[in-house]
Amino acid sequence: MELSAYKLVGRIRAKELRVEDYISSLYDRIKRMEKSVHAYITLTKDLALKRAREIDKKIERGDRTGRLCGIGIAVKDNICTKGIRTTCASHMLESFLPPYDATVIRHIDDEDGIVLGKTNMDEFAMGSSTEYSYFGPTRNPWDFDRVPGGSSGGSAAAVASSMATLALGSDTGGSIRCPASFCSTVGLKPTYGLVSRYGLIAYANSLEQIGPITGNVEDCALLLSCITSHDSLDSTSVNKPEEDYTKHLIDDVNGIRIGVPREFFGEGTQDSVEKMVWNGVLGLEGIGANYEETTLKSLQYALPAYYIIAMSEASSNLARYDGLRYGYRIPDKSYDWGTVFLKDRRFGFGFEVKRRIILGTFALSAGYHDEYYLKAQKVRTLIKRDFEMAFKKFDVLIGPTMPIPPFRIGEKVRDPLEMYMCDVDTVPSNLAGIPSISVQCGFSKGLPIGIQMMAPPFREDVLLRVAFSFQRNFPTLAKVRDK
Amino acid sequence: MKASGTRIGLEVHCQLTNLKTKLFCSCSSDYRGKAPNIYICPICMGMPGTLPVLNKKAVEDAMMVAIALGAKISGEMLFFRKNYFYPDMPKNFQISQYDKAGGVPLALGGFVQIDGKGVRIRRIQLEEDPGKLSYEGTIESSTHTLVDYNRAGIALIEIVTEPDMSSPKEARLFLEKLRSILEHLGVSDGSLEGSMRCDANISLKGGKRVEVKNISSFKEVERALSFEITRQKSLIERGLGVGQETRHWDEVRRITVSLRTKEEEQDYRYFPEPDLVPFVITEEQTRDIERRMPELPDKRRRRFIEQYHLLPQSAEILTRVKAIADFFEGCAKLYNKPIDISNWVIGELLPHIRDKSIGIDELRITPKHLVDILKLMDDGTISRETARFVLQNTLSTGKMPYEVIEERGVKRVVDRDYVKKMVEKVLEEHPRAVKDALVDRKVANYLMGKLMKMTEGRLDPKLAGEMIKRRLSELSKSATF
Chain A
4 MELSAYKLVG RIRAKELRVE DYISSLYDRI KRMEKSVHAY ITLTKDLALK RAREIDKKIE
64 RGDRTGRLCG IGIAVKDNIC TKGIRTTCAS HMLESFLPPY DATVIRHIDD EDGIVLGKTN
124 MDEFAMGSST EYSYFGPTRN PWDFDRVPGG SSGGSAAAVA SSMATLALGS DTGGSIRCPA
184 SFCSTVGLKP TYGLVSRYGL IAYANSLEQI GPITGNVEDC ALLLSCITSH DSLDSTSVNK
244 PEEDYTKHLI DDVNGIRIGV PREFFGEGTQ DSVEKMVWNG VLGLEGIGAN YEETTLKSLQ
304 YALPAYYIIA MSEASSNLAR YDGLRYGYRI PDKSYDWGTV FLKDRRFGFG FEVKRRIILG
364 TFALSAGYHD EYYLKAQKVR TLIKRDFEMA FKKFDVLIGP TMPIPPFRIG EKVRDPLEMY
424 MCDVDTVPSN LAGIPSISVQ CGFSKGLPIG IQMMAPPFRE DVLLRVAFSF QRNFPTLAKV
484 RDK
Chain C
238 MKASGTRIGL EVHCQLTNLK TKLFCSCSSD YRGKAPNIYI CPICMGMPGT LPVLNKKAVE
298 DAMMVAIALG AKISGEMLFF RKNYFYPDMP KNFQISQYDK AGGVPLALGG FVQIDGKGVR
358 IRRIQLEEDP GKLSYEGTIE SSTHTLVDYN RAGIALIEIV TEPDMSSPKE ARLFLEKLRS
418 ILEHLGVSDG SLEGSMRCDA NISLKGGKRV EVKNISSFKE VERALSFEIT RQKSLIERGL
478 GVGQETRHWD EVRRITVSLR TKEEEQDYRY FPEPDLVPFV ITEEQTRDIE RRMPELPDKR
538 RRRFIEQYHL LPQSAEILTR VKAIADFFEG CAKLYNKPID ISNWVIGELL PHIRDKSIGI
598 DELRITPKHL VDILKLMDDG TISRETARFV LQNTLSTGKM PYEVIEERGV KRVVDRDYVK
658 KMVEKVLEEH PRAVKDALVD RKVANYLMGK LMKMTEGRLD PKLAGEMIKR RLSELSKSAT
718 F
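In the order they appear, the protein sequences are chains A and C. Quick note: the first sequence uses our numbering, first residue 4, plus one each step. Quick note: the second sequence uses our numbering, first residue 238, plus one each step.
Rather than coming from a laboratory, the hints here were simulated on the basis of the structure. Do not rely on the hints blindly, as some may be mistaken.
Listed below are several chain C residues computed to face chain A (Cβ distance under 7 Å; list not exhaustive) [stated by the list, open to error]:
1. I275
2. P279
3. P285
4. L288
5. R318
6. N320
7. K328
8. F330
9. R506
10. F508
11. D512
12. P515
13. I518
14. F626
Glycine included, C-beta positions come from ideal geometry on N, C-alpha and C.
With the sequences and hints as input, model every part of the structure.
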């Protein structure tokens, strides 16, 4: 079952493959692999098979079918699914049943996609390794001793191990691209405002987007086309005509101007990563693109600015989890409300979440607000400006997605700063709101390396074209073969 | 209650009660008298993943208020989060506005005229109302707190004044004027319970600023401020000084209680609401709203003076409450005797409203009722006294004036025989007064009074006067034998 969604849709519509058989085979695969990988928190097999039979009937009747006709999709567990528990990998929301679907879920349904289950992640999307999950870590399908990246680790691992054909993740500071890179998949963080955030449980609202994690660039374009829309429920969603991104899948980079910012190869970048990404750039030059080294000075402040803004917003977003209306509630209720809130939050949240809430609260406090939050916002403005300048000269900017290959489980959990450092190359796109894709670049000592490409706002078309050309001309193994 | 150097500023919260839905979701805002927690949805309950969407009508209403108060409207609406934990707030932050850290409220400046004095407005902003907490019995005795989120997310405007008022009475006058303005705009109905609430800042010469929270009505404002002035004055007189603090008005005990001192002030950690994009307000929009603005109390007052030739004072009183001004104009349209109508409204209706402390909408009388009574009086069918009686009766029963007159037989009596009989009776009952009246004719007025009292003012006064005069002169003739 290593076919792309693109090809599967063709076979299903041609009645060469029944949706029910295909979905069943995915669950068989899950049954074999899940014990080792642990990509899912919740599986929705009965619902999925029921939906599969409905779509099979549609096809039999000759009804019109959606663009995701029967395709099995894994959904990150911070995207609300009506009646299906949505946990954010937190004890706090362990039994939370949303009474609504996220807008992206409604789109998937409209396009006849099938939700297979909800995938594991770092609690409230705070992390880069999927180790900070209340339900235990996900393992990298390429090496079970290593992390799949995070925070959308379950989604990327599910696609890489063929436990899902497509997946949805969310990206606040790299949470789609990091696991895409670590699991040798494709992950796209769309332009801020392109995909509705309605139903995405917020970590840092001004930074995050929902996006596809897929085995290849074609599937990425297909899924992106299905989830982009103007949504009146999300005031930050942009009102622009819907686009079919698959028409930008053109193998032609002639005349494309590539900028390679030095800041993406800073301290902490492993040699093997640097070498492979440069090979990728040179490869693109070989098929007609031009490249030039460049510099975006403000990027040196991106990481601290990102963490201050993200944690500040998080400290406010996560205030609502007090156990009063939903979520974890201490068994003994005979306290005043202040004490109940305190205890619910003490026991309901994990360690990393509490760390970020405390730091964010501090950064917004009177006396520190100007020094931290406001200064971070100023840095953000500078970074945006630097990208604007760069995109006057270049069509795309290229660098590594992650400075290092996938690390061992447990290697960084004790040193949060070292963990935060992993996001150095992914956070700039979130601060600037620009689209950014991670594509397979190759393997180093058996571990996947990803190449990151960035484009100006709403130029997903350019991004997909360059990424498609790259993948077509320099193919890399996308999925784990059966052992 | 006026103390030298008293400075009072108000922070008024008014619900935009004419809106059908809440500020950031499509839940009904008509929550009064409804079962708890029925007008709620994932958005106003702040459930995970939901996002606010701004009610544009609320912005228009708030702009109208800003224009009416002469405030300068900002070019864009920016919302900020005000963070604090409280069980009545589903998100544990309130979406509000802020005037620091890059924030700007909906409008700045403005002015309200009260009793020949101006009160400056500092800022006007739009925000969401929290839910409502209630207790079984009292706070102290209740074992738990009940939360009703029907009110959570209702659109609220906050109007902050400069400390330009110098007495509790001025504070009340300001609030009355503000309420009249909002009612004339049709954006907020001040008669609805809890639709207008306020916090007051008060400082006396030699003391620091004290904020008093939890004042639920205009009457309470005067009480709370008077209490505070007395309390602060005595502290200052005893040389104890007044420190900056926040106090709570206890409506039951009618005292203020310290909530927190300056050192314990809450840090709300304001920052821009990332889920709402800045809402741009164009000058075109502002002009468009200006064009659609209804007549405001000050303009209406001037028009009453010009159009109806009312005394300035009468026009001022009538326009203090929109419903009363409307009532007056309703009458004036039916009967072209505006000055009489104004006298009756001010002299009869308003005292009734005050005594019963009810709203004019609770009166069981329409302009037609009053006009009917006045017409009956003017054509001589009933006396002025009877007219008063009929009005009071109509007010208390809601019956049509004609019905009251028929039922009580209070039609003015013009039957000469009957009047004559009554005159005889009065004269018989007051022989000493008759004797005096024969000497001093002015005492006849006393007899007239007695006559009217005996007949409950139903006799035609002209006829009765003539009859008394005639009878007295008959008596004086017969007495000269």
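Next item on the list: Hints the structure violates: just list their numbers, smallest first.
Entry: Going through the list in order, the structure violates hints 1, 12, 13 and 14 and respects the others.
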